[in-house]
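Number of protein chains: 4
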Amino acid sequence: MPKLNVLVAGSTGYIGVQLIKLLIKHNNVNLKYLCGNSSVGKNISSYEKKLSSKKLPKIIKYKKSLLKDIDLIFTALPNGEAQDISNDLFEHNVLIDLAADFRLNKASEYLRWYKQKHRSIKNIKRSIYSLPEVNGKNIRNFNIIGCPGCYPTSILLPLIPLIKKNLIKTNNIIIDSKSGYSGAGRGVHKKYKYKNLYESISPYGVGFHRHNSEIQQEISKYTKNNFSFTFTPHLTPMFKGILSTIYVDLNKNVSVSKLEKNLINAYNKSKFVKILRINSLVSTNDVINSNNCFISICKTKYKNRVIILSAIDNLIKGGAGQAIQNMNLKFRFPINRGLQ
Amino acid sequence: MPKLNVLVAGSTGYIGVQLIKLLIKHNNVNLKYLCGNSSVGKNISSYEKKLSSKKLPKIIKYKKSLLKDIDLIFTALPNGEAQDISNDLFEHNVLIDLAADFRLNKASEYLRWYKQKHRSIKNIKRSIYSLPEVNGKNIRNFNIIGCPGCYPTSILLPLIPLIKKNLIKTNNIIIDSKSGYSGAGRGVHKKYKYKNLYESISPYGVGFHRHNSEIQQEISKYTKNNFSFTFTPHLTPMFKGILSTIYVDLNKNVSVSKLEKNLINAYNKSKFVKILRINSLVSTNDVINSNNCFISICKTKYKNRVIILSAIDNLIKGGAGQAIQNMNLKFRFPINRGLQ
Amino acid sequence: MPKLNVLVAGSTGYIGVQLIKLLIKHNNVNLKYLCGNSSVGKNISSYEKKLSSKKLPKIIKYKKSLLKDIDLIFTALPNGEAQDISNDLFEHNVLIDLAADFRLNKASEYLRWYKQKHRSIKNIKRSIYSLPEVNGKNIRNFNIIGCPGCYPTSILLPLIPLIKKNLIKTNNIIIDSKSGYSGAGRGVHKKYKYKNLYESISPYGVGFHRHNSEIQQEISKYTKNNFSFTFTPHLTPMFKGILSTIYVDLNKNVSVSKLEKNLINAYNKSKFVKILRINSLVSTNDVINSNNCFISICKTKYKNRVIILSAIDNLIKGGAGQAIQNMNLKFRFPINRGLQ
Amino acid sequence: MPKLNVLVAGSTGYIGVQLIKLLIKHNNVNLKYLCGNSSVGKNISSYEKKLSSKKLPKIIKYKKSLLKDIDLIFTALPNGEAQDISNDLFEHNVLIDLAADFRLNKASEYLRWYKQKHRSIKNIKRSIYSLPEVNGKNIRNFNIIGCPGCYPTSILLPLIPLIKKNLIKTNNIIIDSKSGYSGAGRGVHKKYKYKNLYESISPYGVGFHRHNSEIQQEISKYTKNNFSFTFTPHLTPMFKGILSTIYVDLNKNVSVSKLEKNLINAYNKSKFVKILRINSLVSTNDVINSNNCFISICKTKYKNRVIILSAIDNLIKGGAGQAIQNMNLKFRFPINRGLQ
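Going line by line, the protein sequences match chains L, A, P and V.
full-length UniProt numbering numbers the first residue of the first sequence as 1 and each following residue consecutively.
full-length UniProt numbering numbers the first residue of the second sequence as 1 and each following residue consecutively.
full-length UniProt numbering numbers the first residue of the third sequence as 1 and each following residue consecutively.
full-length UniProt numbering numbers the first residue of the fourth sequence as 1 and each following residue consecutively.
If you're looking for bench data, these hints aren't it; they were derived computationally from the structure.
Treat the hints with caution; some may be incorrect.
A pair counts as met if it fits within one copy or between any two copies, since identical chains are not told apart.
As the list claims (entries may be wrong) - In the DSS-like style, the derived pairs of lysine-lysine whose C-alpha atoms are separated by at most 30 Å in a straight line are: (1) K50 <-> K137; (2) K117 <-> K303; (3) K271 <-> K25; (4) K261 <-> K50; (5) K258 <-> K271.
Okay, chain L solo, but in the shape it has when bound (with noise of 0.2 Å):
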């Protein structure tokens, strides 16, 4: 079978090594280059004793010329590398952002919400962002694809059938989600260090977190209506996974099982996102090491209103196994080939 060589940029994070992990048996790939920055000249099996019986290369500084012998580059670093790193492609490479360089379109709304400014604003052009199962289609057309972030992906994949045929009110979404602490990377120690995370939950980031202007971004696009949410986090005592339990109201003469028909109609050749029946409760461990997506509408006390229930595992749907389905559509592999 053909192989891809590809390059992992950021193994030791949460997300990189997660990333590896799937890799390793993925019939296409070859992974050729291994990088990091702190760990160089490591094994990643310092970092993973699971990795420990695979031959994998040693960690290594990224460099340009690295580039020559590779196909496919997965960047997993912190948000503003993976820019530069754009900056140095060859005509044959591709590049995968698991960060968020590569997810909003404008450099001004990366300037006001990561704080720095984009450093290849010609490459944002050249760029796609791609949730695979909504935007996946023009893929093949781009060489460098953002992929979504982890709050984003369990949020659009049910809202945006149902705002996209104009089931529900898009001026009245609220969202509460709840994910696990490795979520915020392997930093979350540190930057919430007079919280006790393990046994506590929290909120973070309210009314103002980052993945506000991703989710503005990606919704505006399948509605002319005026869009307003509010989303807020939180940082649950659990490794991993991702619920978003989302409020919506729906539009006149709208029923709730005509929302269920619409979103087993848009996914129902995904092999990821499941609808289940009405009223499931949708936990985060239903989903845990899967690239599964899992989605359940809830009736309550008002006809008018119902729940959205959206579980994922953070760092494979939200993360490293997204990546792979990008990987997957952009080379025309099975979707599923490395993920099951």
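For this one, chain L is given, so just place chains A, P and V on it according to the hints.
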């Protein structure tokens, strides 16, 4: 110091044990009888080793004649059982119920939500629902006292003052609550046995949790407006604590700082309700092992929408601690005795 | 590819569900019947939403006639029930038991530790205890296969090669094991209901846990010395994983590196047992969600004493994975099929 | 009531915060200065919201002149810093150190285990190591008091009385300890960043943890026999608590009940050390949030071997609580003041 002779019925549940742990430190309490069911004949210390150094009476079966020697009985029993005991009361007895038997004013509502006929309708009328900071004033006129549920405590404390003064819209309130699993009682494991409750977050009772009725009843006392709200509880992988994230729209010309002042005024004499600075990120960890309720108001990107965070320890302020607060009120003990 | 028709008895316990999750990925398996008790008529997906996308047979009641169509039956039942089923077997059936019914060679030992008479003594003799890396060779001669317990798996794998070659003292071995609570089955909450299992560590079965007998029996096969050991299991606040910390004294003139070499040799062909470098700090996290056993030898300040660390996933290598490994051995499938 | 003027140096670590939470309830304490480093200028409540209702001094930088107004200084600082402060002490000052600076009697041992030269050797001689139940008697003669480490506290309390009376063998003691991760301080996340500390159990410092030296030193005071032991600490996925499982061989003609009586006698006047009935299964949960140490002796299948279980709250009896106990002893306050 004069001491009340106290009986605890339902000594061995999570709430019962917590109650005993607090009562043994209360200077006005003589723990005369501990009652149980399958635990009869045992020592309470076999349920909680922390109590092993205290000399406490053995657990016995409840019977009416015990009430003769008793000033005060606490009932921490399955719903329905406090009703029967209330029919046994002598004139000199006070009953404080920690379950739901004396929360709802209408027997029909009780039947609807708890699926059983109320067996002491006459005593409903003779009882008071007492959230001490809000309804406590008249408690001295009643001998049967119903304590609020854990979720409603965290929800009513911030909402009632705002609704009373007509500062927020009452027709679009979203309440997303997260509770440690002790809130579901020792039976939680049986009830949710196919969930991994300890490394996963799960919604439950979506749209139709019993506490809806209690919240509806209590808020309606303070407004003539139509009051409509959506409440979703979640089981969170931690033992104790409730965080309610409440989404609220302001009435015209009401500022966030007006909201804040209103709450500060409402609770400036309270020893237990603390209004934190605007945008404070309240965690359950901040209130665990105390009788406190911490509340903060957070701004969103929309001027007229705020998020209210409210956290309590479900077994203390949402259970045993609040019951003791009601005892202190009823018997004119200092309000924080036994609760520091 | 030829497929075995497989029946799983006890589909809905932790081990049963884990077994089904692995079997559906095994190319030689056709899951023909899933059997249960209180779950009859339901879909396995109502016990594990992750299985909801697979077409699996409904849960039915076990009866002898089902065995006609079946090549292989897995029993993951309460102790005692596999015995009865073993009495139903046809000549062509293979039974792999994941409980304790075919672990002990002597019915008297079974009675002593499991407090019930063995109901199929003749089948004990026709069965093999198979820890695949150690006793697997003769498995093809037997149609009833007993799988080791979870604790013994983590303990026997490091100890047997060392004892066989007479490298360590057999009269002073201390084994301190820590397990996630899934090891105690879904009933753990009832059994330990006055413990807070989720934020606390608790020893149990101190001095007298049932697995003592199995360890004693197996080790004794490899040494004529008196074998005496002390084994203490602990419930640890995590869902899965076992770590055994084993304190061992070396025989005269035996060096730590000799120990290491011996273990490396013993398992150099094993796909699942990995001997890490001396002094490696093995965590349960290193093996979770895999069929691996990770072992390391750690030096102490005393030349003749070492600490052996051994970690497995109790539901996989200590349960369902090992059972599949035994199936692969018995039917000559590649040893790691379905287990990668 | 007369009040001591107290300074806390190292206010914002886990131990420092716990200490302040206890001291504010102590009737003989006036918290005059809180000192910190990066936290200078802040309120302690920004590190622990539970302290937000108390009027406490702002955090300032420590300097010698502060000691003029002070009766007692607690140091909860990184190892090495209390030494420097001890060189500043005026005659009237008492220093209680919660780190390791005054635990080891020999500067050479300090250098060996803590990898730094001791900078106040003269003060080592003027200091006392005080495990209050054991070495507390002479505390009034010393103005510098070293508090035991958390692991040693849980280990020395059961072992010293048994060794003093020559009831157990001193050459084959195995100590397997399990601690919540708060025991490793706020820096634990950085130190163990490639471990998933929160859903996994991990041994560390195997064979060579620093507390070895302290245990060795203290036990050697009570026996002339050779004392050799193996101690392994483990990080357990819970916030607080230590359980030590100690494997011990009895001397000839010593019965288990003799052991029990000896321990009961040794601690019959202690308010905090409780000897439970033989074979009691002690969990960390039994002692959390208290200054208690719970000890039980468990039989094994070997007459001459027992397992001793010992549990404490590492931040209280293993830290701040024990420091306050030492203060109460030193200043002749009731021993349990501030610790109930």
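Going down the list of hints, with the structure as the test:
no. : hint          : verdict
1   : K50 <-> K137  : between (35 Å within a copy, 27 Å between copies)
2   : K117 <-> K303 : between (46 Å within a copy, 28 Å between copies)
3   : K271 <-> K25  : both (18 Å within a copy, 16 Å between copies)
4   : K261 <-> K50  : between (42 Å within a copy, 21 Å between copies)
5   : K258 <-> K271 : within (22 Å within a copy, 51 Å between copies)
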